[in-house]
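Enquirer: Below are the chains, spelled out letter by letter.
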Amino acid sequence: MATVADRIYLRRRIVNVISLVLSGAATLFGLFWLVWILWTTVTKGIDAFGLHLFTQMTPPPGEVSGGLANALFGSLMMCLLAVLMATPIGIAAGTYLAEYANHRKIGETIRFINDILLSAPSIVLGLFVYTLVVEPLGGFSGWSGAIALGFIVLPVVVRTTDEMLRLVPGTMREAALSLGVPQWKVNIQVLYKAALPGIVTGVLLALARISGETAPLLFTALNNQYWNADLTQPMASVPVVIFQFAMSPYEYWNSLAWAGAFIVTIFVLLISLSARAILLRNKMAND
Amino acid sequence: MSVASNTLAMEVDDRASKDGRNDRMFRWAVTAAGFFVLLTLLAAGLSMFWGGREAFQTFGFGFLTSTDWDPVQQKFGALVPIYGTVVTAAIAMLIAVPISFGIALFLTEVSPTWMRTPIGAAIELLAGIPSIIYGMWGLFVLVPYLGEHVFPWLDENVGPLPIIGKLFQGPPLGIGMLTAGLVLAIMVIPFISSVMREVFLTVPTRLKESAYALGSTTTEVVWHIVLPYTRSAVIGGIFLGLGRALGETMAVTFVLGNAHFLTTSLLEPGNSIAATIANEFTEADSPLYLSSLIALGFLLFVVTFIVLSIAKFMLMGLKRREGN
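Sequence order for the protein chains is A and B.
When we follow my numbering, the leftmost residue of the first sequence carries the number 1, and every step to the right adds one.
When we follow my numbering, the leftmost residue of the second sequence carries the number 1, and every step to the right adds one.
Hints may contain errors.
Below, simulated DSS-like cross-link-like pairs (lysine-lysine); rule was C-alpha separation at most 27 Å, straight line [what the hints assert, rightly or not]:
1) B:K18 with A:K193
2) B:K312 with A:K105
3) B:K18 with A:K185
4) A:K193 with A:K283
5) A:K185 with A:K283
6) A:K185 with A:K105
For the record, the hints were derived by calculation from the structure and aren't laboratory data.
So here's chain B without its partners, still in its complex pose:
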């Protein structure tokens, strides 16, 4: 790049030293870019901690345990959004993990070979749809349907049951944690199932064939050979999906209802960290309000960092074994 600009000096130098200098410059440039990536994540964490310091200073540890969210009295606590985030992500995983496992099983062991590529591509298409489309579809199509048909049925039939009944009592609004969890589940299914499918394919064929030769059924091969062989990577894939579910914003914002109170019922509106930030950030009119929202972002950052790190470590285990 700098060849043209330094022609005079270059004529004196011999070619080798010119090449050496260019090599060093190139190396320096790409190293800087590499460290830029490293710095990005560090800076993201630090800047959000810095932005949230006022909230952390004002409320201390109580920020995590308080259910207050009152912009008028300037009292903010993160418990309601944290609770909503955890509950919706948990519902999403309860639905998405078995479904993804089924899809991966179908695509690696059951379906005829010619069907595998198109079906796999179609499932991955789900991952390509922008999250705002999920949100809109959830609000305009899924919410009315659930509110009319599913929620009243749950309220009537599951609601009176002891213990779990409490989770399913509520008004048939259609919006709420259950809806958000379902939409999240649909969104993370392609991520989890594609990881599972990929790692299932790494199981050595001779291991599976030995089991078949001993008379195992397909189900037994999957349970006793494929799953134990890929266990850590499967857990890694699940954590990858969990990381997505925890941080998903738009889809949840549409169907969760933005209500700041704690409720045991899954049929009632709630809130999540990401939805709170998305809904209220531009309305935040005081420094403390803004700082509390950034502090929420910092919490989300820390939690997803931990979850995604676990996912990476779990997935790495398989790679190492593959290499041996």
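Pulled out of the complex, with its shape left as it was, chain A reads as follows:
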């Protein structure tokens, strides 16, 4: 006959097994959506894929030919500009946090604010740039789109620079300073060199993040049906074109949207994978 202790023991083991099985089920649940979403994007994207995407402009409604050339170009321009504008400021701010304001109240405050910026809804940053740039200048433009994306890049770069610089051993700073090297040279020639792989990773991750951003571009760069290299004019971008085309009733537009989604997803995944690879290689080289 089972004693009370046996029964309690049995119940505890059953509870344990059930919750461990549930945890496995939760993991499968998460992976299930990943597979489903990627599968849909890849199959529908490949169906609509072709060289014409890169050579032809976005078509007017109802037409059954055309590509995404102007949108791809616009996305490329705005993303590159955003990274070029935000990276120097971000690295400088990260340097301030790690080298000048570490363990100080002001440093903690800026770090806190930066972390909030990092998770702030991107649509809010779009509205901010609208009131800051678009309204005063009187029109939508590629520049304002790039600025809006830049505000998304900025906190990512600040955070990674700050973290990577703080990982650099203090002995390196002391060694350089004791040789009489001025502090700014220590920063640029010693610390940045040591932290470079980490900072590059941060910039790549930021690039991956902005290349799929739609919300902040909707009311800064707007859209443009034609080829446009003039940054003072409204500019097309892949995510905004996807949004417009996917919501439309035209079948060809929908398939172009899937092709755009495929290109963006592959691009984003490749960039984040290479960012991880850089970090991993650096880690192994240091170990």
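On the provided structure of chain A, position chain B as indicated by the hints.
Expert: Relative to chain A, chain B alone:
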């Protein structure tokens, strides 16, 4: 940088003072960049408050409690979008929190070691997919599926129940708050689970091993040792996910239906703050309309600021203890 431009003056100066000047300039430049970050958030809040002032002045406090949204008569109220934002985020958290906890538990205690890195990376891959892809997938794949198979079943079987039945009555459109909540849940799972996984790993091994030595099962160790030890950080991770869910735009815009009326049913289309702004901003033809949309953005900004601040404070608690 300025070394070349001032060669003449530099020849007179001795090297130390040159270095000192460069140091000061470098320090000044990086400090300015640091404060630029601080100013960005401040300016974002102020500019949106400024942009929304006309709406706040015209409607006063009623802006928050009115369900009107009528561009023709120029009457705007934020209650419907606020309600939609809160409901979709709540559904998302109801689904995402237990799932994320399960994933974190699986990846820290249950799965064989060799599986942990690839599965963890795969879950984090979900966070890398742009939100517009979620939206498109939701609209073209999930919505038809839910509309054909899940919504009719819910309407038939859960709909007649008392109290909660009201939530699940409605047409089988497939779009609506429930769909939006589900898509949001999938999007925030990687964020919450990666925070939980990280903080679970901070629990000292000797604490867990002591519990195991006393005969605890894995579940008991997690409930009685790991969770109490990491409680504040786990809540911080949940708030981080909540902040994401509240402000998510594109995914929700696709599957929510952009309908401006209040409904108890989760199966009917609704609206959220972010979706309203995304859908209507470029159509806003009057200053008051535009101002109301920016005022909505300001509300979203304030709410996410508060939620994310709570998240940060909760996560900081763990860091401090780790340092001791």
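Enquirer: So, for every hint listed, does it hold in this structure?
Expert: These are the hints, each one checked on the structure:
Straight-line distance between C-alpha atoms of B:K18 and A:K193 comes to about 23 Å, which keeps the hinted pair within the 27 Å bound. Of the supplied pair hints, the one linking B:K312 and A:K105 holds, its CA atoms being roughly 16 Å apart against a limit of 27 Å. Restraint check: the Cα-Cα separation between B:K18 and A:K185 comes to about 12 Å, which is no more than 27 Å; the hinted pair holds. At most 27 Å may separate the alpha-carbon atoms for a hinted pair to count; A:K193 and A:K283 meet this at roughly 15 Å.
The suggested pairing of A:K185 with A:K283 holds, with an alpha-carbon distance near 25 Å, which does not exceed 27 Å. For the proposed pair A:K185 and A:K105, the alpha carbon gap of about 26 Å is at most 27 Å, so the pair holds.
Going down the numbered hints, you'll see the structure goes against none, and every one checks out.
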